[in-house]
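Reconstruct the complex from the two isolated chains, following the hints.
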Amino acid sequence: MPFDFTVIARNLDYLLWGRTASGEIGGLLLTVAMAVESGIIALVLGIALALVAWRWSGWVRRILLALADLVRGVPLIFVIFWIYFLIPALFGSSVPNSRSVVIALAWFSSAAVLYSTLSGLLAIPRGQYEAGIASGLGPGRVLWSILLPQAIRNLIPSFIGLFVSLIKDTSLAFIVNVPELTYVSSQVNNRTQVYPTEIFLFAGVVYYLLCEGLTLAANSLASASRRTGKTAAKSR
Amino acid sequence: MIRFEGVSRKFGEVLAVDGLDLEVFDRELCVLVGPSGSGKSTVLRMVNRLVEPSEGLVFVDGREVGSLKVETLRLGIGYVIQGVGLFPHLTVAANVAVVPELLGWPKGRIARRVGDMLELVGLDPGRYGRRFPFELSGGEAQRVGVARALASDPPILLMDEPFSAVDPVNRLRLQTEFLAIQRTLRKTVVFVTHDVDEAIRLADRVAVLKSGRLIQYDVPETLLERPNSPFIADFVGADRALKRLSRFTVRDWMQPTAGTTDAAIAVDLDASLRDALSTMLGSRARTIRVHDRDHRPAGEIGLQDIERAAECGTR
Ligand SMILES: Nc1ncnc2c1ncn2[C@@H]1O[C@H](COP(=O)(O)OP(=O)(O)OP(=O)(O)O)[C@@H](O)[C@H]1O
Ligand SMILES: [Mg+2]
Chain A
0 MPFDFTVIAR NLDYLLWGRT ASGEIGGLLL TVAMAVESGI IALVLGIALA
50 LVAWRWSGWV RRILLALADL VRGVPLIFVI FWIYFLIPAL FGSSVPNSRS
100 VVIALAWFSS AAVLYSTLSG LLAIPRGQYE AGIASGLGPG RVLWSILLPQ
150 AIRNLIPSFI GLFVSLIKDT SLAFIVNVPE LTYVSSQVNN RTQVYPTEIF
200 LFAGVVYYLL CEGLTLAANS LASASRRTGK TAAKSR
Chain B
0 MIRFEGVSRK FGEVLAVDGL DLEVFDRELC VLVGPSGSGK STVLRMVNRL
50 VEPSEGLVFV DGREVGSLKV ETLRLGIGYV IQGVGLFPHL TVAANVAVVP
100 ELLGWPKGRI ARRVGDMLEL VGLDPGRYGR RFPFELSGGE AQRVGVARAL
150 ASDPPILLMD EPFSAVDPVN RLRLQTEFLA IQRTLRKTVV FVTHDVDEAI
200 RLADRVAVLK SGRLIQYDVP ETLLERPNSP FIADFVGADR ALKRLSRFTV
250 RDWMQPTAGT TDAAIAVDLD ASLRDALSTM LGSRARTIRV HDRDHRPAGE
300 IGLQDIERAA ECGTR
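Residue numbers (numbering that gives the first Met the number 0), protein chains in the order written: chain A, 0 to 235; chain B, 0 to 314.
The shape of chain B in the complex, shown without the other chains (with noise of 0.2 Å):
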């Protein structure tokens, strides 16, 4: 659990992060937003002590930060930023190993922990374990900066805007790919983006910040239901119902009955409802075929299911 207590942070004259309490609950994945300069990474950064609260305190299962030794915090805490994240010069399989060699781990078990770690973001280590970070696409790239990031098991999981680089449709996958692995993980993750919409779609619970200052923190489905303020209302955007699809996923939703459609048109069993809503709206279909990761058909969803699920109020 990480709670930050009458935080600011200045920067020369520019108040960067005023007066900022917040709790992250244990095995949540709470989500930071908010427009450019609002002072997200500074507060990320915080709890890993890249940077120092110039007042306020911070503390991390309990304890300050500042009274634990930094490297010790740091092993306990993984980071995933966008871009320069991974070192150039080690490959995959080394990035992914650097944590558990500074542990200390003997090598078959960091062996085998790359190979499940590697697995586990969706990359076969055999294709990829000896390449270059040079030589992967920006997605593949973003893949690995999480697999290092979970490789020592830590229980904290700092990520600042890790999608934002890649292009819209593999941001979706990446997206669907971690709220994945977050099901199964539960780590208590501090997830930085300044796209309201990732927001929604990820969040446990979500902070808006302006301006240094937190305006309103709670679950998605309150965010967009009652937004404390115009700020907020007006962040959020006018497409709240559509918002809210985006957090139910086809899986939880759709008929497993082997479809009778004989559609061509399919979604994947893993993609939001939102998205399934706008395959329909754009094939002209009231029902869609549902297909599994390796394209096996799973099943058929409807423009009813989604109705019934957006009349329901929570997931």
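Looking at chain A on its own, in the form it has when it is part of the complex (with noise of 0.2 Å):
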């Protein structure tokens, strides 16, 4: 069988913006828009959260690990499933469908965030801690300004990492039928009826560039950046 991808040019527009001209954002801007969405507010909450575990390290922290466990030990599609219908049974009205998905991959995400910032604040040299607290810095200074600085420096590679595993899980936002490029990927082939590889081969090709591009990225300014010197190779 022939493969003819001028149906990818044919519905080019259509996989990249959905119907974003007129209102409704979608296909893969959509995705690029929910993994970016998601991933901010998986940053923030994880940092802040490895932030507490770190400086109440009892039983405050012991419950935030048990809780990141629990959250990480279920499948997302489960945490998608449960918020799509959890939302408009908790506050009547339903919320947007991507919502709800951005709400769950940034809920699911921020235990990764939390389990691996924790560990990078706990890797950082007993001495740094006391070096700051001698110069007569309180606990908290210290670690906003001396151990998270580190600490992040250090992640960005797995942040990174996280990110991509995002952009890829957008994809189960299918589930749900929001317009991200899967979504839309199958509507096309829906009407077209008579070329599914192709138009998956383009979306499996697009999420691979993607996720490889951000990956390069991610290197080679790591790279450069120690290079620099802007990441500290050893500490003293």
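Source of the hints: derived by calculation from the structure; they are not laboratory data.
Using N, Cα and C, we set each Cβ at its ideal position, and we do this for glycine too.
It is possible that some hints are incorrect.
To be verified - Partial chain A-side listing against chain B, Cβ under 10 Å, derived:
no., residue
1, P124
2, G131
3, I132
4, R140
5, P148
What follows is the structure, given as structure tokens:
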């Protein structure tokens, strides 16, 4: 069976932007928007929780880590279902589906951010904390301006990794009819009926290029900053 | 002035410090020396309350440290440690500026102070200010550590083996420079080392610790001439005469007449007589030239000058 890739060209606008022109964001643009939005929420939430878990190392930390385990131990698709059904049940009115997916993704990823940020904070040599408080800084200030910047610098690769999985995980929004890249691809497929290989190959390649490009950019950024000394190779 | 009264500290079953009574006098450099695990660091860290005593009281300027707000106490105490002390994500200048910024100094004053401090420890602010700690040699990093500790001009300086990660040649240089700084600033310094030579060379007074107990607390000359126990005698070693020479500097005993010696061999103005003697022995010369830091000739020193010093009791 010969392949006919002109179907891609004919539907390219729809695959990339969905109905964005008429006010309903969709396609690849929605995929990226959802990943960015949930990524930012997860980053802020996860780091905030990690700071709390670092500062109160007793039962507060244990409870937070147990919760994070719980969140990570459930398949993402269930979290999406829960939130999809839970939010209308709790608040009566329904929220846009893409919203509930963003919340699910953020919720899921913030657990991962919490984990890696906390381990990044704990990996910093104890002398750093001591040098900070011995200078007269309070524990909160040491955490915020001495430990966290160092931890984040070491964690950037793992954050990029998380963001790449986020991009891929947005395709699960397909289940609840959010018109992101996977969903619009299947729409195009349903409409045209005869080109499933071409269409899903294209979608797959777009995901791949996006994720791979991001990884490459992150790597070269990391090695560039190492060269200019923005990343501390070793601590003194 | 720092005073320990009946201070003990237990870690579980380990008695790290055992009934310590010690007074560190104003503007003196007190060296705590002793074998590994003898409690030196623990004693030091009780001054700025990184460690709290299990028993007894620590006073700074007559005030019990436990009664002070801990941040206030620490702002008045510079702290230099070996190894991980600098913040790797901050430039050298930003590292030195940490405490002045905490104190809310205006920007211009901080910048001036950072420059002054780097110059004080022998680093060119233009060249080093913007570097990151991992771009420094071990000796340079330790200099920055000293600059940072001195930045807000605290009256007290605590130093825990600040030079021990540096190679012997650079350690000697750092000691010399630090002595020169201390002569002008006259801080109250508590300096921890396990190196007896370093202790004798730097100290106004030496406290020797063993298993958490203070064995002898005296000026170096007394420690060398009248050790109060076989432990101390053994600890300071058989080469006491040489150790005493390490307390005299070439500057104080040389002949400032511009050198008639044509020997190529020379020592630094700030070197110790011990170094000068070993240079003479090494080069089989009875007289050697003296030069200043910039290698300009400053005079000469001979074996007879060293003998003169050795016969003299104090420096
Ligand atoms: N935080 C701690 N927890 C448990 N034990 C400790 C702690 N700090 C020190 N100790 C113990 O107390 C004793 C004295 O330790 P300290 O660090 O004061 O010795 P030191 O004289 O500084 O030794 P070194 O020359 O090796 O640095 C040691 O036996 C050490 O194991
Ligand atoms: Mg120690």
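Task: Structure versus earlier hints - violations, ascending order - done: none
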